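Trainee: Given chain A, put chain B in place with the hints provided.
Each chain, written out:
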Amino acid sequence: MQFWGYKRNEGRAGIRNHVLILPTCVCGSETARIVASQVRGAVNIVFNTGCSDVQANTDMSQKVLTGFACNPNVYGVVIIGLGCETVGHKPLREKIQAMTSKPVVSFGIQEEGGTLRTIEKAVRAARDMAAEAGRQQKELCDISELLMGIECGGSDATSGIASNPAVGELSDLLVDLGASTMMSESIEWIGGEHVLAKRAATPEIHNQIIQVCKDYEEHLKAAGQDCRAGQPTPGNKAGGLSTLDEKSLGCIRKGGTRPIVEVLEQAARPTKTGAVVMDTAGFDISSITSMVAGGCNAVIFTTGRGTPTGNAIVPVLKVTANAKTFMMMEDNMDVDLSAIVQGTKTYKEMGRELLDVIHDVCNGKLTKAEAYGFSDIAVDHVCRFV
Amino acid sequence: MNINALLIDDTDNVVTCVTEVPAGSEVVYRKGDEVLSLKAEEDIPYCHKIALNDLAKGDEVIKYGEMIGRTLEPIAKGFRVWDRNIYSVPRDYASEMI
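Heads up: the sequence lines are chains A and B, in that order.
Residues in the first sequence are numbered consecutively from 1, following the working numbering.
Residues in the second sequence are numbered consecutively from 1001, following the working numbering.
If we strip away everything but chain A, and leave its shape as in the complex, we get:
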C-alpha cells in the first residue's frame, strides 16, 4: 500500500506540509497565534509553560517542542521566543537544527522591540516559508512511512467492545503491511499490564511494560493518589465493566495483537518498525501531544461520549461505535462504527474499512478537527511550577 506524501531529508514522510509557528514559552504563544493566523499554510500551538519550571519539567517541554519541530508533517519552523524564558529561541533553534535539516528561523519579542515588530518579521518569514512549502510536490510513499498514534478518550461502554477492537484490527492490518502504530496511556494498562506484556517481542520488553506500570502507580502514590481506588468507577460498573482487568483489556485492545517491539519514554521517537507503546498519561490531549512529539504523522481516536479534539500538526481521526454520539456530534465525529454494536458488521470488518479511511487521510483528506483548525496540546508535568 502506498500514499501520496511529502518526503523529508530525515525520517518518515509527512502526510501534511505545515509551517509550524512554535512558541518557546507561554509568553510567545499569543504572538505565535497571530503570526499563524496571517499566513495560509501555517499552524501554531499554544504552549502554556517554558518558564519557572523544575529541570524535569523543562526537559519534558524541550522534548515536546523539538519533537513537534521534527514531526514529519512539518515543512519548516518559525520560533517565537520572549528573551527571559528557560530555553530561549536561539538555543531551541540550535537544538532543532541539530536534529533536522528542515528550515528553522527564530525571533525574540524582547530583542525585536515588542509583539508588533516580532509579528511583522515572523509573518514575513512564515510567508516565505509557506510559499516554498507550496512548491513541494507530493510523492508516492510506502505505507511503512506511516506511524499512527492510537488514542481513546471520553470512553463509554461501547469503546471496549466495539471501537477499540476495530482500531486494534486496523493496527494489526497496518503492522502487517509494514507500517508502525503507537499505543500510549500507560496508566490505563494497569490491571491489564500482564496481558499487554504477553505481546512483548522480547523478555526485556515484557519487563519494561510491567515496570512502566509499577513506576506510574508509585509516582501517583507519592502524590497521595491511589490509581486503583474506586476502579472500575460506579459509572463503569453500571456500563457493564466488572473488574479493572476488564476495563484495561478493553482499553489496550485498541493497540491490536501484534508483537510490541519497543517501549518508549514519553515524547521519544521510535527506533523500531511495527507496534510500539509509549509511557504517557491517560489524559488524552497530553497523550496525543507526546505521540506527536514522538513523530506520529496521524492519530486515530476512539470515543464513546464524543470529543472535539484536534492537533495542529497531525490529523486526529475520531471514531465512535455509539450511534447516538455519532448522530449528536456528527460535526466532530469522523467515522461511525455503530454497525458493530448493531450486529450488522464485525469489528474485524470495520477495522478493514478503517484502513481505507486512514489511507484517505494519509492522501490528504481532512479530518473534521483538522478542517476546523483545532490545536489542542497539553505537556505533561512531573512537578509544580517554581
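Be a bit skeptical, because a hint or two may be false.
In silico DSSO-like cross-links for lysine-lysine, where the CA-CA straight-line distance does not exceed 30 Å [unchecked claim]:
#1 B:K1077 x A:K237
#2 A:K324 x B:K1031
#3 A:K348 x B:K1031
#4 A:K198 x B:K1031
#5 B:K1039 x A:K324
#6 B:K1077 x B:K1057
#7 A:K348 x B:K1077
#8 A:K348 x B:K1039
#9 A:K237 x B:K1039
#10 B:K1057 x A:K237
#11 A:K345 x B:K1031
#12 A:K237 x B:K1031
#13 A:K348 x A:K324
These are computed hints drawn from the structure, not numbers from a lab.
Predicted model, so just to flag it, every value in this text is computed and none were measured.
Mentor: Frame of chain A; chain B shown alone:
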C-alpha cells in the same frame, strides 16, 4: 434473528449484550461465520455480560480471550456476569516480571 450480543474472542465464556435483554428472550451473537443463541435467564442490562455456559465458583471468566476475573459463586448459563458475582484476582508486579 438480529444480533444483540458480541463475542470478542472465540475462547470467551461470556458475551456482551448490546441491547437490554429481558429475561426469557434470546441472546444472539456471531462466532466466526456461525450465528449462535442462548436464552437469557434474567434481565441483562445494556452492555452487560451473560454466561455462555455453567460456571462453578472460582472459575475463570474469559473475555478478549483473557481472564477478567473469577466467579464469587456459581453462575449458570444464561445468567448475568457482573461486578457482584466476579472479582479481580490480586496480582503483584514482582511476580509478573520474567
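Trainee: All hints, please: hold or fail.
Mentor: For each hint, the structure was consulted:
1. B:K1077 x A:K237: This hinted pair holds, its Cα atoms lying about 21 Å apart.
2. A:K324 x B:K1031: 26 Å, holds
3. A:K348 x B:K1031: Distance ~12 Å between K348 (chain A) and K1031 (chain B) Cα, so the pair holds.
4. A:K198 x B:K1031: 24 Å, holds
5. B:K1039 x A:K324: 28 Å, holds
6. B:K1077 x B:K1057: 13 Å, holds
7. A:K348 x B:K1077: 27 Å, holds
8. A:K348 x B:K1039: 26 Å, holds
9. A:K237 x B:K1039: Holds - the C-alpha atoms of K1039 (chain B) and K237 (chain A) are around 23 Å apart, at most 30 Å.
10. B:K1057 x A:K237: 21 Å, holds
11. A:K345 x B:K1031: 12 Å, holds
12. A:K237 x B:K1031: 26 Å, holds
13. A:K348 x A:K324: 22 Å, holds
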